[in-house]
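Following the hints, position chain B against chain A.
So the sequences go chain by chain: A and B. Take 1 as the starting number for the first sequence in UniProt numbering and just add one per residue. Take 1 as the starting number for the second sequence in UniProt numbering and just add one per residue.
In short, the hints are calculated from the structure, not lab data. Keep in mind that the hints are not guaranteed to be accurate.
So the derived label-pair ranges between C-beta atoms look like this [as the list claims (entries may be wrong)]: (1) B:GLU192 with A:THR224: 46 to 54 Å; (2) A:ASP261 with B:SER236: 37 to 45 Å; (3) A:SER193 with B:ASP76: 42 to 50 Å; (4) A:SER119 with B:ASP213: 19 to 27 Å; (5) B:ALA194 with A:PRO77: 39 to 47 Å; (6) A:ASP215 with B:THR224: 47 to 55 Å; (7) A:ASP81 with B:GLU192: 22 to 30 Å.
Here are some of the chain A residues that sit facing chain B, going by a computed Cβ distance under 10 Å [unchecked claim]: (8) TYR13; (9) LEU120; (10) ALA136; (11) ALA140; (12) VAL187; (13) SER193; (14) VAL205; (15) ILE219; (16) ASP221; (17) THR224; (18) LEU263.
Computed far set for chain A versus chain B, every beta-carbon distance over 10 Å [claimed, not checked]: (19) ARG38; (20) ASP42; (21) GLU48; (22) ARG94; (23) PRO97; (24) GLN228; (25) HIS233; (26) ALA248.
Quick caveat, the model's predicted, so the values are computed rather than measured. Ideal placement from N, C-alpha and C gives every residue a C-beta, glycine not left out.
This is what each chain is made of:
2 protein chains.
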Amino acid sequence: MTATTPHPVSSRYRDPEFTTLPRTNLTVELQLAHRSVRAFLDAPVGDEELTTLVAAAQSASTSSNLQAWSVIAVRDPARRDRLATLAGDQDFIRRAPLFLVWLADLGRAARLAASQRASLDATRYLESTILGFVDASLAAQNAVLAAESLGLGTVFVGAIRDAPDAVAAELHLPDRVFATFGLAVGVPDPAESAGVKPRLPQQVVLHREVYDDSDDSLIGDYDTRLAQYNAEHSRSAGWITPVLKRLADRDSLKGRDRLRDHLRAQGLPSQ
Amino acid sequence: MTATTPHPVSSRYRDPEFTTLPRTNLTVELQLAHRSVRAFLDAPVGDEELTTLVAAAQSASTSSNLQAWSVIAVRDPARRDRLATLAGDQDFIRRAPLFLVWLADLGRAARLAASQRASLDATRYLESTILGFVDASLAAQNAVLAAESLGLGTVFVGAIRDAPDAVAAELHLPDRVFATFGLAVGVPDPAESAGVKPRLPQQVVLHREVYDDSDDSLIGDYDTRLAQYNAEHSRSAGWITPVLKRLADRDSLKGRDRLRDHLRAQGLPSQ
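Chain A extracted, bound-state conformation (with noise of 0.2 Å):
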């Protein structure tokens, strides 16, 4: 009996009845393996290695080829700290060399149609806003993936959307383009011990022909894996508290209960 590595299915799931897959592969188990990386050597991410990331994520789809989304690419130390501020005072985005921030773009038609006297008025509407906010997700996700294939570490940082209008500010964003969420990068600290985070049992996110909410009974289970797994990396709590109190009211939200108004400032009034 040779000792092997256990497929990272396993700590995916911390089910002793889910340890492999019949069909794996290499790309898979990449997917796998990913966890968030909030610690960052101090090394450079070069030119070289964020071509391919934005190769990758052009190579996602997008909705009828329309590309609703761009991305900036932020080095300076110094716009780093202030994003970081205003993005809930993160400090690993002062640390990560490379913070990418993702937006939704429908400023790249609305100029084309300003420069034909075309209308543009789909824009208006919230499926042009989520159009943009899912065409910057599929981009990212290839993004992250190309990332890790390198080498590299990432986290995304959804509290960019904490002061959208002073986000705007600083990026320079044009009319109808938002700032989505940012995404960390740099050469992951081998000194940190954060580990891949457990997720829901499959039959609780995986329905099949219709919605079945019959196997939410597995929850319990998973909260349970969770606080160990949390209590593991020095964090307490499992998955039950932590959602109902992110989720309870406006206040949790942090200011982003007003995204509506600043969609609307950045001309997205997303009706």
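Relative to the frame of chain A, chain B by itself:
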């Protein structure tokens, strides 16, 4: 001199000055080779593959670990037929053996809150709705790449947002759950000629430090390249004309201008 296969980045951009990547690997090349597949062999996609796709999807990042998404695997031909009719009568939904419907799911948290008599008022705001769309998108993009790594092909179907009320009824969607987009999955028909669609030049979507629209001037070249690609695939038009048409007015949204009303009907008022 030996014949070599061109790097997939050359098809992705069709830019004679951008034919390789200094930092590349098999995962990146799989991403770059992505194409939407709309013709499938009469071959099943098994539960083993589905398990891998969902494990990959669950490995994507999720805001605050809320996991505010679910997926419904639709295999029943009669149900796929009805969904195809609702989604712009796109026949490939009938022919793909597996149709995945990705859901923004705040309902799971709402059911937990109800069982504990806790408030969940934050789900009333657009921020939470968009969080569900972003979570579903990150998950789906991982599933797409996992599918491609197993030799399967996929295509996104945004048109299930054309008739959200009928889709919600068909899929028994409960309170605070919304169908964001579909994904047809199957074994690609090798007889289909669909190629890798070229994207905008990197300079147009990648900004440095701040947003900069000066590279919009390259869009004309791209329009020509895409027209060339389309001509090779028996289609016409470049990029600018279809984009302007797609976003011209309310009518071009094919009913999706009512997205906010439909979200409200599903318990997501998106204030």
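Checked hints:
no., hint, in the structure
1, B:GLU192 with A:THR224: 46 to 54 Å, "48 Å, holds"
2, A:ASP261 with B:SER236: 37 to 45 Å, "42 Å, holds"
3, A:SER193 with B:ASP76: 42 to 50 Å, "46 Å, holds"
4, A:SER119 with B:ASP213: 19 to 27 Å, "20 Å, holds"
5, B:ALA194 with A:PRO77: 39 to 47 Å, "45 Å, holds"
6, A:ASP215 with B:THR224: 47 to 55 Å, "52 Å, holds"
7, A:ASP81 with B:GLU192: 22 to 30 Å, "50 Å, violated"
8, TYR13, "8 Å, holds"
9, LEU120, "5 Å, holds"
10, ALA136, "8 Å, holds"
11, ALA140, "7 Å, holds"
12, VAL187, "13 Å, violated"
13, SER193, "17 Å, violated"
14, VAL205, "5 Å, holds"
15, ILE219, "7 Å, holds"
16, ASP221, "14 Å, violated"
17, THR224, "15 Å, violated"
18, LEU263, "8 Å, holds"
19, ARG38, "12 Å, holds"
20, ASP42, "20 Å, holds"
21, GLU48, "4 Å, violated"
22, ARG94, "16 Å, holds"
23, PRO97, "14 Å, holds"
24, GLN228, "15 Å, holds"
25, HIS233, "13 Å, holds"
26, ALA248, "5 Å, violated"
Hint violations for this structure: numbers 7, 12, 13, 16, 17, 21 and 26, all remaining hints satisfied.
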